[in-house]
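Line by line, the protein sequences give chains A and B.
Heads up: the first sequence begins at 1 in this note's numbering, then just goes up one per residue.
Heads up: the second sequence begins at 1 in this note's numbering, then just goes up one per residue.
A few of these clues could be false.
What the hints assert, rightly or not - Simulated restraints, written as ranges between beta carbons of each label pair:
1. ALA108(A) x ASP61(B): 33 to 43 Å
2. ALA108(A) x ASP104(B): 55 to 65 Å
3. GLY49(A) x ASP140(B): 14 to 24 Å
4. GLY60(A) x GLN155(B): 50 to 60 Å
5. PRO4(A) x GLY83(B): 26 to 36 Å
6. SER55(B) x LYS33(A): 18 to 28 Å
7. VAL43(B) x PHE84(A): 47 to 57 Å
8. VAL119(A) x LEU47(B): 42 to 52 Å
9. GLU180(A) x GLN132(B): 16 to 26 Å
10. GLU180(A) x GLY83(B): 45 to 55 Å
11. GLY60(A) x LYS154(B): 26 to 36 Å
12. PRO189(B) x GLU180(A): 32 to 42 Å
13. VAL119(A) x GLN193(B): 22 to 32 Å
14. ARG101(A) x GLU162(B): 32 to 42 Å
Derived by calculation from the structure, the hints in this document are not laboratory data.
Note that the Cβ used here is the ideal one computed from N, Cα and C, for glycine as well.
Here are the chains, one letter per residue:
Number of protein chains: 2
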Amino acid sequence: MPAPLDFYFDFSSPYGYLASCRIDDLAARHGRKVNWRPFLLGVAFKLTGATPLTSQGPKGDYALHDFARTARRLGVPFTMPDGFPFATVAAARAFYWLLDRDEDAAHALARALFDAAFVRGLNIGPADTVIQIARDQGIDGDELRAALQDAGVKQRLRDQIELIISYGVFGSPYIIVDGEPFWGVDRLPHIDQWLSEGGW
Amino acid sequence: MPAPLDFYFDFSSPYGYLASCRIDDLAARHGRKVNWRPFLLGVAFKLTGATPLTSQGPKGDYALHDFARTARRLGVPFTMPDGFPFATVAAARAFYWLLDRDEDAAHALARALFDAAFVRGLNIGPADTVIQIARDQGIDGDELRAALQDAGVKQRLRDQIELIISYGVFGSPYIIVDGEPFWGVDRLPHIDQWLSEGGW
């Protein structure tokens, strides 16, 4: 089986959410799987000097318009969540803690977190909210609550982010296909073409 | 005849050049014309706090890779010009001076300037280079040389940029279709769909 696609995103990224709605189906059409790999965009922003998109004056206004327009074009539901942009460290720690035990469950939790934020409009920053969403997925909430404060789990996320940034990832979504990097949900058709043609 | 598309760009913008290769044909398929309207990205960057793409660490490396890859995908020639990013005030002044006399000639000069920069790889910053490119288009070089230093021509560009920025334009290319804004060469297929469907 050919190598999986690597899908890097931040749980507070609207374009990351939009890509998450389509990336698995796109990959499956080419017999590929997807490794979902959340990171913290704030850490990458420190390296590039970037600031959150929606805080950039007219660019922010455009982005808010474009999030909703892109969602309509893709045919997926979209709501701007409360408290945007929220911290995603609890969501990301929960993801990697679960990934090391059950990859499918971790991917399902990631989908549920994105859904809570960008369909139901919740602020998924607080640990309690992440734990409640995990419980709804059948995950032991008490175990997860302990994990979110565990030094090893915290270090696991720091190491993972360092690794992701070492690959040159600076934005969300960022998708690597057989070593080829693609940034942005608007690159999904390019990825589709790349997988069909093996590059161009 | 339906309203023309407004195409805003900076002459030093690789994605602006790439859009310029396709925008007229795209519009023509829908019975539309295109108003080419250069501006100075540096003025917009002061408002958004943005910096040139290629100076943004890993994002800059990605951009350099993506310029060439996008050009191959579109099937257009592409070279990174000498001295990039160069000043484009002379090119933009020349454009508007000519636009007020002969719109078709101004559009042809814009294409020739982009071609000089991104196909032949020239630094089109210096006034002498702009004048030589204009001469090759049959424009009177001495008249243009005087115009580039004329207070009225300088003010014409300043007023034009102020107007463009008042529309919310913050990047290049930025295309407005019947009031709907699209930023980036990767939005050309969206514009095509918007023109076909009248929105979505």
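To see whether the hints hold, each was checked on the structure:
no. : hint                              : verdict
1   : ALA108(A) x ASP61(B): 33 to 43 Å  : 34 Å, holds
2   : ALA108(A) x ASP104(B): 55 to 65 Å : 58 Å, holds
3   : GLY49(A) x ASP140(B): 14 to 24 Å  : 44 Å, violated
4   : GLY60(A) x GLN155(B): 50 to 60 Å  : 30 Å, violated
5   : PRO4(A) x GLY83(B): 26 to 36 Å    : 42 Å, violated
6   : SER55(B) x LYS33(A): 18 to 28 Å   : 36 Å, violated
7   : VAL43(B) x PHE84(A): 47 to 57 Å   : 29 Å, violated
8   : VAL119(A) x LEU47(B): 42 to 52 Å  : 33 Å, violated
9   : GLU180(A) x GLN132(B): 16 to 26 Å : 39 Å, violated
10  : GLU180(A) x GLY83(B): 45 to 55 Å  : 29 Å, violated
11  : GLY60(A) x LYS154(B): 26 to 36 Å  : 31 Å, holds
12  : PRO189(B) x GLU180(A): 32 to 42 Å : 20 Å, violated
13  : VAL119(A) x GLN193(B): 22 to 32 Å : 24 Å, holds
14  : ARG101(A) x GLU162(B): 32 to 42 Å : 58 Å, violated
Of the numbered hints listed earlier, those contradicted by the structure are 3, 4, 5, 6, 7, 8, 9, 10, 12, 14.
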